[in-house]
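Sequence lines, in order, name chains A and B.
Each residue of the first sequence is one higher than the last, beginning at 1 in the numbering used here.
Each residue of the second sequence is one higher than the last, beginning at 290 in the numbering used here.
Everything labelled a hint here was simulated from the structure, so no lab data went into it.
Idealized CB from N, CA, C, for every residue including glycine.
Careful, some of the hints might be misleading.
[What the hints assert, rightly or not] Computed list of lysine-lysine pairs in DSSO-like fashion (alpha-carbon distance at most 30 Å, straight line): (1) A:140 with B:555; (2) B:429 with B:514; (3) A:266 with B:429; (4) B:429 with B:555; (5) A:85 with A:140; (6) B:570 with A:140; (7) A:266 with A:140; (8) B:555 with A:281; (9) A:266 with B:555; (10) B:570 with B:555; (11) A:266 with A:281; (12) B:429 with B:374.
[What the hints assert, rightly or not] Facing chain B, from chain A, some residues (calculated, C-beta under 8 Å): (13) 43; (14) 143; (15) 144; (16) 147; (17) 148; (18) 150; (19) 151; (20) 263.
Take a look at the letters that make up each chain.
There are 2 protein chains.
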Amino acid sequence: MTPTIGVFDSGFGGLTVLRALLARLPHARFAFIGDTARLPYGSKSQRTIARYAAQSARFLVNEQGAEFLVIACNTASALALDAIKDAVPVPVLGVIEPGAEAARAASRTGDVLVIATDATVQSHAYAAACRARGLRALEKACPLLVPLVEEGWTDAAHVTGASAAQAASAAPQVAVTAEVIRIYLTELNAEAAAQGMNPDTLVLGCTHYPLLRSLIERAVPPGMKVIDSAESAAEAAARLFGQQDAEAFPTATQALRCFATDSVEKFERLGSRFLGRPVGKVELVDLGG
Amino acid sequence: MTPTIGVFDSGFGGLTVLRALLARLPHARFAFIGDTARLPYGSKSQRTIARYAAQSARFLVNEQGAEFLVIACNTASALALDAIKDAVPVPVLGVIEPGAEAARAASRTGDVLVIATDATVQSHAYAAACRARGLRALEKACPLLVPLVEEGWTDAAHVTGASAAQAASAAPQVAVTAEVIRIYLTELNAEAAAQGMNPDTLVLGCTHYPLLRSLIERAVPPGMKVIDSAESAAEAAARLFGQQDAEAFPTATQALRCFATDSVEKFERLGSRFLGRPVGKVELVDLGG
Numbered sequence: 001m002t003p004t005i006g007v008f009d010s011g012f013g014g015l016t017v018l019r020a021l022l023a024r025l026p027h028a029r030f031a032f033i034g035d036t037a038r039l040p041y042g043s044k045s046q047r048t049i050a051r052y053a054a055q056s057a058r059f060l061v062n063e064q065g066a067e068f069l070v071i072a073c074n075t076a077s078a079l080a081l082d083a084i085k086d087a088v089p090v091p092v093l094g095v096i097e098p099g100a101e102a103a104r105a106a107s108r109t110g111d112v113l114v115i116a117t118d119a120t121v122q123s124h125a126y127a128a129a130c131r132a133r134g135l136r137a138l139e140k141a142c143p144l145l146v147p148l149v150e151e152g153w154t155d156a157a158h159v160t161g162a163s164a165a166q167a168a169s170a171a172p173q174v175a176v177t178a179e180v181i182r183i184y185l186t187e188l189n190a191e192a193a194a195q196g197m198n199p200d201t202l203v204l205g206c207t208h209y210p211l212l213r214s215l216i217e218r219a220v221p222p223g224m225k226v227i228d229s230a231e232s233a234a235e236a237a238a239r240l241f242g243q244q245d246a247e248a249f250p251t252a253t254q255a256l257r258c259f260a261t262d263s264v265e266k267f268e269r270l271g272s273r274f275l276g277r278p279v280g281k282v283e284l285v286d287l288g289g
Numbered sequence: 290m291t292p293t294i295g296v297f298d299s300g301f302g303g304l305t306v307l308r309a310l311l312a313r314l315p316h317a318r319f320a321f322i323g324d325t326a327r328l329p330y331g332s333k334s335q336r337t338i339a340r341y342a343a344q345s346a347r348f349l350v351n352e353q354g355a356e357f358l359v360i361a362c363n364t365a366s367a368l369a370l371d372a373i374k375d376a377v378p379v380p381v382l383g384v385i386e387p388g389a390e391a392a393r394a395a396s397r398t399g400d401v402l403v404i405a406t407d408a409t410v411q412s413h414a415y416a417a418a419c420r421a422r423g424l425r426a427l428e429k430a431c432p433l434l435v436p437l438v439e440e441g442w443t444d445a446a447h448v449t450g451a452s453a454a455q456a457a458s459a460a461p462q463v464a465v466t467a468e469v470i471r472i473y474l475t476e477l478n479a480e481a482a483a484q485g486m487n488p489d490t491l492v493l494g495c496t497h498y499p500l501l502r503s504l505i506e507r508a509v510p511p512g513m514k515v516i517d518s519a520e521s522a523a524e525a526a527a528r529l530f531g532q533q534d535a536e537a538f539p540t541a542t543q544a545l546r547c548f549a550t551d552s553v554e555k556f557e558r559l560g561s562r563f564l565g566r567p568v569g570k571v572e573l574v575d576l577g578g
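The following block holds chain A by itself, in its conformation from the complex (with noise of 0.2 Å):
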């Protein structure tokens, strides 16, 4: 049997490292679940994450034979690993400790900023990810770049198949986007400098983010080093998982199945910004209470 990847979210945001994924195992199996009927993870307690993660993990390995799982989601990455780990018995990654990881790499300076959603930066876990490899990290939530994103407001080179003409009419929701950015990264990087800081790098610890790359790039102080998080994940995994993936099935046709708990018409809608691709059909799960 073809060794199966199992994904999983809180939502479909994770879709963008089921895409770093995709391009890297090109003979792998992939079942990606949304938990969309219980987003959003970030205001809910720590228990109840780590139990509805639990949930999300045993089907993807006992119902889809998932061998390995890639937590794609920052929240329940910080505040539900440990939990998934007891839970199932097969390898896990989160995003988290791959980001700090290329943080380590890429920052010179040692001096490492983090922007992520409100729920991820209250958790630090991105600060204690790089504190336990020596970097100085400063973290900044940035909860107005997910409803930009879910909005479409984003650089319409991710839009897939837009027209010359729909580019140019999208071009005062990109110039708000390009904004936005802009004022959570003054405001950041005057706050690294109130502390003393020389930041280097930025990570983007969102899984929405990757939609607002090349806007990003194009607003941090030259030479800052832009790591995604998701990206990252996806490196990891391939390391841990490539070298099987290649010599045991180098044949095998890579497959996708998704499923989310809620919402379809929306995963359906929105996922295939987020997978550079079409999703095609989302199945429904119930995963009970």
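Following the hints, complete the assembly by docking chain B onto the known chain A.
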């Protein structure tokens, strides 16, 4: 005993309705509950919303002695008003009917625009309430406005105690919000024109939007009236309740207790901007599953 008016919302946006009620009923006691543990209601099924809303309504009536309920939540007003009326033996007023009634009184052309959250627009409750009054209504979801309000990127006039320096430093943020409003209203007016409508009235169909009222009034075409459904609901409640208030309790002192099912910290921090004065101590209650 002084009569108590119960006010219910899924979060704290309904504090704008409470603010309007406080201004109109100087002798009443108020009990407000925000079901913050289970927001957002917008992504949940009608049955779940009805069950949650009925629990909050019973809490206000049975435990806080409410003799009158105002449902200060567009989603619950749209999807759960009948369930709430069935659950409690007191009069219940939602925000949608008063908003539509105010639009009928204001509009001369009979064509009305409504901006609201995605969930409220998908319910088409405003369009139905307008149609029942002989109005044509065109609704538009504006998903960025709630997060912009919650970030505080609103007109500095709404920020309690903002200094001139604070107001000036917030200028780029307010400019972003003004531009988002301009984009949404441009799209909505173009859609109305394409449908041969001649709208002269705009209904703010979300309890967060009163904090954007001055920015929205600057963005609408000349002569277009702006109806705030929070104000309209408070006026309707005052008409139903006010006579009793003034006659029966001329010397009673206004009182207010606020409850939340979770996130008391965010409620206390952001709530005062919605209420226009400090919310004070917010009491945590557990309504069960």
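Given pair status - residue 140 of chain A, residue 570 of chain B, alpha carbons within 30 Å: holds, 28 Å
For the pair we were handed, residue 555 of chain B and residue 281 of chain A, check the Cα-Cα distance against 30 Å. violated, 38 Å
If you draw a straight line from the CA of residue 429 of chain B to the CA of residue 555 of chain B, is it 30 Å or shorter? Holds, because 28 Å separates the two Cα atoms, which is no more than 30 Å.
Pair hint residue 85 of chain A and residue 140 of chain A, alpha-carbon separation not exceeding 30 Å: holds, 28 Å
Does the CB of residue 43 of chain A sit less than 8 Å away from some CB of chain B? holds, 6 Å
Is the hinted pair residue 266 of chain A and residue 429 of chain B satisfied, with a Cα-Cα distance of at most 30 Å? OK: residue 266 of chain A and residue 429 of chain B at ~17 Å, within 30 Å.
Please work out if residue 266 of chain A and residue 555 of chain B have their alpha carbons no farther apart than 30 Å. The given pair, whose Cα atoms are some 28 Å apart, holds under the 30 Å limit.
Pair hint outcome, residue 429 of chain B versus residue 374 of chain B [Cα-Cα no greater than 30 Å]: holds, 28 Å
Hint check: 8 Å Cβ-Cβ cutoff, residue 151 of chain A to chain B: holds, 6 Å
Tell me if the straight-line CA distance from residue 570 of chain B to residue 555 of chain B falls inside 30 Å. Holds: residue 570 of chain B and residue 555 of chain B sit about 12 Å apart, inside 30 Å.
Hinted contact residue 148 of chain A with chain B - closest CB pair below 8 Å: holds, 7 Å
For the restraint on residue 263 of chain A, tell me whether the closest CB of chain B is nearer than 8 Å. holds, 6 Å
Of the numbered hints stated above, the single one contradicted by the structure is hint 8.
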